[in-house]
Amino acid sequence: DQQVKQNSPSLSVQEGRISILNCDYTNSMFDYFLWYKKYPAEGPTFLISISSIKDKNEDGRFTVFLNKSAKHLSLHIVPSQPGDSAVYFCAASAEYGNKLVFGAGTILRVKS
Amino acid sequence: EAGVAQSPRYKIIEKRQSVAFWCNPISGHATLYWYQQILGQGPKLLIQFQNNGVVDDSQLPKDRFSAERLKGVDSTLKIQPAKLEDSAVYLCATERNSGGPQFFGPGTRLTVL
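So the protein lines, in turn, are chains A and B. Just so you know, my numbering puts 10 at position 10 of the first sequence, and the rest follows in order with no gaps. The number in my numbering is simply the position in the second sequence, starting from 1, with 1000 added.
Only chain A is shown next, with the shape it has when bound in the complex (with noise of 0.2 Å):
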């Protein structure tokens, strides 16, 4: 039972372009929605949350926007670096500070 779904297994971006990447969840107890990078042999690292109460929250190059009505939430950066080049996990949880349900990652390729 997959809660949380990244249906892209990869994506390749040119510099300087945007990279998008989507989420897809199905428990409506989620409330709190997380982004971590991971380069390969290291942990994720934490890049960007959101709770429900808002729609989109921006640091950086880094904008993630939730839309709960349709229990779908998204990635923007912009612009793409090839240092962004990486796996990029979603994760979700039903109460802040409760334990987090990962997507499956998509790879992003950003070509220079």
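Calculated directly from the structure, the hints in this document are not laboratory data. One should not assume that every hint holds.
[Claimed, not checked] Listed next, the in silico PhoX-like pairs over lysine-lysine satisfying Cα-Cα at most 25 Å (straight line):
(1) A:LYS5 / B:LYS1071
(2) B:LYS1044 / A:LYS71
(3) A:LYS71 / A:LYS56
(4) A:LYS68 / B:LYS1011
Since chain A is already given, all that's left is putting chain B on it; use the hints.
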């Protein structure tokens, strides 16, 4: 501040052998998690500690996996005996108090032959 430390980074064992992983959390982080990440999948929670007490171990295969967090700081995860399907990266994550993002260690890559 120093990050989450894990050791060993890599381990190769034969099936039916035992193995143990160690995690040292970020100082002051009361909550500690162990995750299993199988290739091509996202991390899956095995166990959650709050200080030295277990909060959630519902997804821990207790017939072969065990974990402890003595004195509410370091934690160890043990597998005994290992199976082929236990091949994965084992990630430790910690959180300051209840809430906020989790911070992950580099993981231990286990290969069971």
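Status of the hints after comparison with the structure:
no. : hint                : verdict
1   : A:LYS5 / B:LYS1071  : 37 Å, violated
2   : B:LYS1044 / A:LYS71 : 21 Å, holds
3   : A:LYS71 / A:LYS56   : 14 Å, holds
4   : A:LYS68 / B:LYS1011 : 42 Å, violated
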